[in-house]
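Protein chains: 2
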Amino acid sequence: MNIDLNDFGLTAGREHDATLAVYRALKHCKEVERPTLVFPAGTYQFHPEKAVEGYYHITNHDQGGTRKIAFPLIGPEGLTIDGQGSEFIFHGRIIPFVLEHARNITLRNFSVDWERPMFEQGTVAETGEQSFVIRLREEAKYKVDAGRLYFTFGGREEPVWGLHDIDPNTMAHAYQSGDRISWSSFKKLRMEEIGPGLIRVAGGPRHMPKAGNIIVMRIGRREHPGLFLKDSANVQIDNVTVHHAPGMGLVAQRCTDIRLHRFDVRLKPGSGRAVTATADATHFTNCKGAIVLEDCLFENQLDDPLNVHGIYAKIAERLSDRSILVQLIHGMQKGVVIAEPHDEMNFIRSDSLTSYSSAEVVSADRLNADFTAITFDRPLPETMRIGDAVENKTWNADLTVRGCTVRANRARGFLITTPGKVLLEHNTISAPGAGIKISGDANLWYESGAVGDVTIRHNRFLACNYCFPDWGRAVIDIDPEIAEPEAYAESYHRNIRIEHNVFETFDIGIVYGHSVNGFVFRDNVIRRTSDYPMHKGMPFTIQLKAVKNSCISGNECPEDARTAFIGTEKVDISADHSAKVDGTNRIII
Amino acid sequence: MNIDLNDFGLTAGREHDATLAVYRALKHCKEVERPTLVFPAGTYQFHPEKAVEGYYHITNHDQGGTRKIAFPLIGPEGLTIDGQGSEFIFHGRIIPFVLEHARNITLRNFSVDWERPMFEQGTVAETGEQSFVIRLREEAKYKVDAGRLYFTFGGREEPVWGLHDIDPNTMAHAYQSGDRISWSSFKKLRMEEIGPGLIRVAGGPRHMPKAGNIIVMRIGRREHPGLFLKDSANVQIDNVTVHHAPGMGLVAQRCTDIRLHRFDVRLKPGSGRAVTATADATHFTNCKGAIVLEDCLFENQLDDPLNVHGIYAKIAERLSDRSILVQLIHGMQKGVVIAEPHDEMNFIRSDSLTSYSSAEVVSADRLNADFTAITFDRPLPETMRIGDAVENKTWNADLTVRGCTVRANRARGFLITTPGKVLLEHNTISAPGAGIKISGDANLWYESGAVGDVTIRHNRFLACNYCFPDWGRAVIDIDPEIAEPEAYAESYHRNIRIEHNVFETFDIGIVYGHSVNGFVFRDNVIRRTSDYPMHKGMPFTIQLKAVKNSCISGNECPEDARTAFIGTEKVDISADHSAKVDGTNRIII
Chain H
0 MNIDLNDFGL TAGREHDATL AVYRALKHCK EVERPTLVFP AGTYQFHPEK
50 AVEGYYHITN HDQGGTRKIA FPLIGPEGLT IDGQGSEFIF HGRIIPFVLE
100 HARNITLRNF SVDWERPMFE QGTVAETGEQ SFVIRLREEA KYKVDAGRLY
150 FTFGGREEPV WGLHDIDPNT MAHAYQSGDR ISWSSFKKLR MEEIGPGLIR
200 VAGGPRHMPK AGNIIVMRIG RREHPGLFLK DSANVQIDNV TVHHAPGMGL
250 VAQRCTDIRL HRFDVRLKPG SGRAVTATAD ATHFTNCKGA IVLEDCLFEN
300 QLDDPLNVHG IYAKIAERLS DRSILVQLIH GMQKGVVIAE PHDEMNFIRS
350 DSLTSYSSAE VVSADRLNAD FTAITFDRPL PETMRIGDAV ENKTWNADLT
400 VRGCTVRANR ARGFLITTPG KVLLEHNTIS APGAGIKISG DANLWYESGA
450 VGDVTIRHNR FLACNYCFPD WGRAVIDIDP EIAEPEAYAE SYHRNIRIEH
500 NVFETFDIGI VYGHSVNGFV FRDNVIRRTS DYPMHKGMPF TIQLKAVKNS
550 CISGNECPED ARTAFIGTEK VDISADHSAK VDGTNRIII
Chain V
0 MNIDLNDFGL TAGREHDATL AVYRALKHCK EVERPTLVFP AGTYQFHPEK
50 AVEGYYHITN HDQGGTRKIA FPLIGPEGLT IDGQGSEFIF HGRIIPFVLE
100 HARNITLRNF SVDWERPMFE QGTVAETGEQ SFVIRLREEA KYKVDAGRLY
150 FTFGGREEPV WGLHDIDPNT MAHAYQSGDR ISWSSFKKLR MEEIGPGLIR
200 VAGGPRHMPK AGNIIVMRIG RREHPGLFLK DSANVQIDNV TVHHAPGMGL
250 VAQRCTDIRL HRFDVRLKPG SGRAVTATAD ATHFTNCKGA IVLEDCLFEN
300 QLDDPLNVHG IYAKIAERLS DRSILVQLIH GMQKGVVIAE PHDEMNFIRS
350 DSLTSYSSAE VVSADRLNAD FTAITFDRPL PETMRIGDAV ENKTWNADLT
400 VRGCTVRANR ARGFLITTPG KVLLEHNTIS APGAGIKISG DANLWYESGA
450 VGDVTIRHNR FLACNYCFPD WGRAVIDIDP EIAEPEAYAE SYHRNIRIEH
500 NVFETFDIGI VYGHSVNGFV FRDNVIRRTS DYPMHKGMPF TIQLKAVKNS
550 CISGNECPED ARTAFIGTEK VDISADHSAK VDGTNRIII
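Residue numbers (numbering that gives the first Met the number 0), protein chains in the order written: chain H, 0 to 588; chain V, 0 to 588.
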């Protein structure tokens, strides 16, 4: 049944806050079978003042405090929202969409943007020996105080905490710029006003941008993703564009079956902006079923286009012979639910990251954002040690990424850490770091998910790692955080097939990896480009250690890129090495 | 069934955090019929690190953020906790008890204290023309920076934001000290370190304490009451003492039937402290059924011993012919639930505070901490204006306070704003402001509750208003915030009887009031003491305006205290004026 938002006081005017009309229409939807909420095509404004508020722990976002929500889809079943091409413009501190305990939901045909985004940008007016000067936008309101530059977002004054050097020709990170004038390196710099709208960045920046380049100035925290999906199932997002989000484009945690089709995180034409979302384009934590991304474009966001992973929680205390207290370690995971009754949990050794046992959850009480008390259906494994980790074995997804384009973002391409069946095909990938990263660690990010079945085929990789080594070692980087990968009999990752891809890149390194059982790199084409100068971060095309059952064969490549270094052995990647796989071309382990 | 906490890992040692043992025992209680959780008599420590966390909006406390809870009594029925005389010692940022959706609960035989309270105290070492010097405790850790003094509480550095001058002989606020070196008056002062542990308070304090007096230094926010009761029913608290709370002693909101017997908020002998709770001893917002306080002692808390009230929410927007958007105005009420389906709400004119209509709630959606959308069962009253208020007519309690003692706190005695049946008898009350205050306002605190039936009898009032006029005009102060009380035909309050009380006080003013229909002051005894010098804040014993149906008669009093000033008429309070009430001595209106 179609619900017309005009019936609930919606107006497209710039002065009208559409938030209450949406609240009223959503309230009406609860009384209707399979409602479709239809927006007359137009531009609608959403302000936080009268928006629904919720307390959430959003994975990989800054924790703490409540969040305002423009579309609070809490508990609906069978709801469709059709924007009919509408633009939804948000103001300040607000999350456009939250789906919580939502089932069979379709969102389609709208775009999300902010009136004023959570970053500022200027241009490099001049450069010196130890400093450079940024010219701010003429209309930019700013404050300089004690060597720090401040802008306002959502009513709060925020200090700039990092700079990104963007090449205006590519609208991508400048060659070898990376994070070298952000984070800790930024803290050493001083910002001084030397004239109206002219800011000198002094103190010897680690990277010197070119005059005329765009400087993106980062402010604020990761608090407001474009769409946040939690405990929801069967969600389709179709023809939806996120032009900006002061956080990730889309985040899903503990969801089942999510399909993104033409879900774009991309620059708005004519906006002049160099940045879309201020973090990942899409991010999936502890999801299950099928995650499918098709025909999506992810560009210019300030972190990875896709990250699929679970969470390692540290075993902090033994409470009884069947129950333990586990602790979330990374600040951006705190509060995320990691287990519920009937989930199967793996027990993981913290050094090797290998699983040595599993058990079913009888109860999981999240005491607070840090600690969860878990009781199992059987006695704890005898070999369990305090300091080991647990990960959720039940909540892991299959992943298909097909026909998507990644370009000009900060950091990496696709981050894959899920034991489900993974297929990446017909994508075009260019990233300043690794184009694909397959990791896993219980030391820094505590992101879990040893892979078991990954196929990477028919993709086109363009320039990657043009900010080497900030965000990766090679185009495909397989680097679980295991201090001594060769020390353990069991491999962390299994079955990674890289076939029929084209790598058009300016440097040598194509694959770096370790701790893999079952590795195929076959029938790929490598072409050398002159997009950027070579940095020769890797001396070989492929470099692997602690790898078993590898098959590298039949690749087409430039003469100087024929060598793979596998363990202690050099291998010609264009030769035929198919002996190690069986006749059906499938890896058997 | 008795549950022994020893079975869940409880240990009384100073190094042991009892929080997880309580969590485990409470989890076990859920599986047991009518459990009684028994503590072996001892001293137990509770730390916030592993405590259960919740997001709450606690009435009349500072809002925002989550709270850790040592005893999270969420949803229990028929639970008893017996401390057997145990001392529960809390550390930093934690709420000892939260009762939420709890029914038929008894808490008894324990005390609550903090290892280090959320205030500091020192003594006045010397006084000068425009400054005085505080000597800190020898073990006090402090920091002085840019004219501000800082102490640490719960891991957070907190600036001192107010000073209280305590007379060491009475352990009460010094005569006419009040809030004159706190709040905005404090902001003008400078704190300077002039030697180890010696802090000069410079800048011309509005009140000059005497050398040798105790100075209480306030830090932190109101975030952690001793006990917080929410949406609970039939709660008995018996022989429980709160020695300290960094917030109120006990707060209840939207609860039914609460009985406090020997619930004391009092100094721990030998502690040397001058302060108990840092806000009210007890506070009840939108409760119903019977609130009964018997044989309680409330001393030295930094706000009133008791406040019973509702909430006025401002009508901000008309959403449809049956629904409105209402707004909570006071920062310390934000987020508190003010209506649920089936509640009856009054519509209130903001100037006269009179109710002009009422309706039943069909739905009440708390959009966020500020705004709630309410839909009623009938069309909105035609005379409704934006800016009017609503109050909950259903959630109002009867109140009995019997045999309680109030002394040496900051501010007032009992604050009564409830339309239920109120009986205050056999209490002993001394406060630096009014001993009883009957108010109501839709301008500052937005605390609602026109009274309809109040009996104040057989109480003993000792020195009150020794900090006049900071916290009241007379011993009994009836002052709803109505700008022009004589402009309205209808009275705000009704039926206040003050009979058979003894007032032993140093000054003249006994009752100040306006906007009352039905006022009896009869058969009381007034005795003049020399506790403090007279300030003659009021020229008459009783001063009333906009009062109808008053009866003032048969009181015993000193010769200079015989005059009541009623409207424009002088009345002898010792004469017989019983003509206005009928033979049964009840007021009929």
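Derived by calculation from the structure, the hints in this document are not laboratory data.
Owing to the predicted nature of the structure, the values given are computational and were not obtained by experimental measurement.
Treat each hint with caution, since some may be false.
Computed cross-link-like contacts, BS3-like style, restricted to lysine-lysine with a CA-CA straight-line distance of at most 25 Å [to be verified]:
{"id": "1", "chain 1": "H", "residue 1": "Lys-313", "chain 2": "H", "residue 2": "Lys-287"}
{"id": "2", "chain 1": "H", "residue 1": "Lys-26", "chain 2": "V", "residue 2": "Lys-49"}
{"id": "3", "chain 1": "H", "residue 1": "Lys-333", "chain 2": "V", "residue 2": "Lys-392"}
{"id": "4", "chain 1": "V", "residue 1": "Lys-209", "chain 2": "H", "residue 2": "Lys-313"}
{"id": "5", "chain 1": "H", "residue 1": "Lys-267", "chain 2": "H", "residue 2": "Lys-287"}
Quick look at which bits of chain H chain V covers, simulated, 3 or more residues with Cβ under 8 Å [unchecked claim]:
{"id": "6", "segment": "14 to 23"}
{"id": "7", "segment": "48 to 56"}
{"id": "8", "segment": "59 to 66"}
The following label-pair restraints were derived from C-beta to C-beta distances [what the hints assert, rightly or not]:
{"id": "9", "chain 1": "H", "residue 1": "Thr-105", "chain 2": "V", "residue 2": "Tyr-355", "range": "25 to 33 Å"}
{"id": "10", "chain 1": "V", "residue 1": "Asp-6", "chain 2": "H", "residue 2": "Tyr-487", "range": "38 to 46 Å"}
{"id": "11", "chain 1": "H", "residue 1": "Tyr-487", "chain 2": "V", "residue 2": "Ala-139", "range": "34 to 42 Å"}
Ideal placement from N, C-alpha and C gives every residue a C-beta, glycine not left out.
Quick rundown of the hints versus the structure:
1. H:Lys-313 to H:Lys-287: Within the cut-off at roughly 22 Å; holds.
2. H:Lys-26 to V:Lys-49: Between Lys-26 (chain H) and Lys-49 (chain V) the Cα gap is close to 38 Å, so the pair fails against 25 Å, i.e. violated.
3. H:Lys-333 to V:Lys-392: violated, 41 Å
4. V:Lys-209 to H:Lys-313: violated, 57 Å
5. H:Lys-267 to H:Lys-287: violated, 32 Å
6. 14 to 23: holds (count 3)
7. 48 to 56: holds (count 6)
8. 59 to 66: The restraint on the segment 59 to 66 of chain H holds, since 3 of its residues have a Cβ under 8 Å from chain V and three suffice.
9. H:Thr-105 to V:Tyr-355: 25 to 33 Å: Cβ of Thr-105 (chain H) to Cβ of Tyr-355 (chain V): about 47 Å, so the range 25 to 33 Å is violated.
10. V:Asp-6 to H:Tyr-487: 38 to 46 Å: Between Asp-6 (chain V) and Tyr-487 (chain H), where Cβ atoms are some 41 Å apart, the hint holds.
11. H:Tyr-487 to V:Ala-139: 34 to 42 Å: Between Tyr-487 (chain H) and Ala-139 (chain V), where Cβ atoms are some 54 Å apart, the hint is violated.
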